[in-house]
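Protein chains in written order, with UniProt numbering: chain A, 1 to 401; chain B, 1 to 401.
The hints are all genuine.
Covered stretches of chain B (in silico footprint by chain A; criterion: 3 or more residues with CB under 8 Å from a CB of chain A, positions within the stretch not fixed): (1) 65-73; (2) 270-276; (3) 294-303; (4) 321-334; (5) 366-373.
The set of hints was computed from the structure by calculation and includes no laboratory data.
Owing to the predicted nature of the structure, the values given are computational and were not obtained by experimental measurement.
We put the CB at the ideal spot given by N, CA and C, even for glycine.
2 protein chains.
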Amino acid sequence: MRVTNAVLPGRSEPVTIVTEGGRITAIKESPGVGAPGEEVIDAAGRTVLPGLVNAHAHIDKTLHGGPWVSAPQVETVAERVAHERRHRDTHGLPSREYVASLVEAMVVAGTTHLRTHTDVDPGVGLRGITAVAEVARRYEGVIDIQQVAFPQGGLITNPGTLPLLRDAVEAGASVIGGLDPAGFDDAPNAHLEAVFDLAASTGTGIDIHLHDGGSLGAWEMGLIARMTREYDLGGRVAVSHAFGIAHPPTQAALLERFAEAGVALVSAAVYDAPVPPLRACAEHGVLLAGGTDGINDLWGPFGDGDMLRRAMLIAYRNSSRSDDELMLALDAVTTNAARVLGIEDHGLTVGGPADLVVVDARSAAEAVARVPGRDLVIRSGRVVARDGALVGAEGGNAPPH
Amino acid sequence: MRVTNAVLPGRSEPVTIVTEGGRITAIKESPGVGAPGEEVIDAAGRTVLPGLVNAHAHIDKTLHGGPWVSAPQVETVAERVAHERRHRDTHGLPSREYVASLVEAMVVAGTTHLRTHTDVDPGVGLRGITAVAEVARRYEGVIDIQQVAFPQGGLITNPGTLPLLRDAVEAGASVIGGLDPAGFDDAPNAHLEAVFDLAASTGTGIDIHLHDGGSLGAWEMGLIARMTREYDLGGRVAVSHAFGIAHPPTQAALLERFAEAGVALVSAAVYDAPVPPLRACAEHGVLLAGGTDGINDLWGPFGDGDMLRRAMLIAYRNSSRSDDELMLALDAVTTNAARVLGIEDHGLTVGGPADLVVVDARSAAEAVARVPGRDLVIRSGRVVARDGALVGAEGGNAPPH
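Construct all of the structure, not just a fragment, from the sequences and the given hints.
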């Protein structure tokens, strides 16, 4: 494949991208001559972004494509968890149909890689894990889906959960989750030791939900940094939400500790909660990745799976205004998020994957600020979506139904 | 016109809306039989919203439809004002072309009424006022545009401005603006007295930009409430942004004073700044209206003019999750915003204006949460936009170019 007249992030002149075998083999100024039969796409001066990466979702919970269900107006994480526990069966959750509907929405919006936190508890068992794994297989080659075994109902306070997390790893989860070790589970040391022990013994990563804010959240993050060094898991640990990072007295010190320990931050810029600082994270060398959080589920009605729109929200909540600042938000939903998922070669470089998203914008900064539609989504050198709809491929590796 | 199978906010069964002479003449359960030649639109179970109202924009500043310009990454209102003063001429601002481009984007997104704050100062004079007035005339009958004569460069600190505000009223502005009487102009009493005197003597309304937050903003709002009573301008005064309303020690008392005095709040849920509380405003009887603020201008690169998306953001920043809470955000961009603009009969009722927006959602709450495209925009009983594009009318009152 040859994509001509493409404006890439950080370059002012349009280029031609040549792909072969699912990789980018050349990026050059002249369009050149394609091989006989080679597919040529004229980007016509539009911007080409790398594949978008969603570092935090909950696709197992979604009602996407299903009936409209009003969410409860409750204040705490514990109340939302309880509401979901009471009502998930009524709505047939987890539902392979809804999960697939949401995954398709993500693909047509340009998402090529996804980390999703799947509920694991004695009530739902591994049903979420197996449902998501089945949908993931169906969309293999179109979107890579990584599962976090997520103790949404608590770990120490919900004793049957820990052995299920180990089973979830055997069933394909590659990351161990956690949930407010202090604020929800009331046992921060025991909670984190259980998570770190399991990750160390199974060779998986760690991604902890931390809604705890202020000095409590900041203290827990310090503990996570310390344990990451002690367990030698640098580069494999993320803190999601991380509202406590906004706690001014400790922010700079925490970012330094995260940089030293190799702990990443993941934010979906949710609701009115604090958003980690793009500029300060970049300056400290802390990876800040973007996600969507839950989409249209029993926790809340919002969301569409669009990571470019989420980059806009992360930038907006950061009061990012200049083009340079907007590019930090793009990094959060591309390169940074990929690294959090353990992918080191993401991005538009020769030798990198041929994952391209064509948008009607004159620059990547404009794309973040204005959130144009996705004209074309190319995965591994193959068009998988066009103008908001999946494209069936001719080559036998067709997107699935 | 007859719109059948329409789901209206707050009703569970689809209805038929009959319009005549630009007004709604009937809302009934059976589709009935139209008059010969009557236009019939099948909403097919989709949701019909009232015309969307944008209570706060700055269309005179916009670069919409023009070249991409990086905004400065500066921290204060004063720095942004200074940057704009230095660069607006270079970019040909105010530009009728850009203003018209933005107005069209607003119309296709379902906006039927707009209040826009137009810069007035000795540098730009009345050029913004006349440019916006000209564009407003071009789109008459499609969108109603109300201008605020806005002292963006200061009032007391910028002595030539006050007489120009009076000239702006003669040139068609119907509201007097103000800007951080304390934080920007350093003369809160003199600033507000000038604004209130001018409004009282010209029979115009008042809409004050108040970025000042915390106890300073709260104090200024108390002063505005007191002056609204003293000048007997209840129902004609709004405070825009109103970041200080989030100041917890005084919030409830201020909302009571605003309710008593007849002062409204306008929010665009900008950046990371505080958003006034939807539920508390409704409970206190204070009108909270939504706006977009500036769109793609020298202050910042964001925005698309879509008031339904802005309702979503206002709801999201309010942590609104239930259908009931989402409806408060819809009120903010319809009925409440209309009342702030002095329009009392807005909304889908018999006798009201035939301003209808058809969206692909099963309920108004879903429309706020998911922000579907605008399938049809009907103004005064005439289709003015369809699927994101303006529609030329056959009847001689065509949308303008």
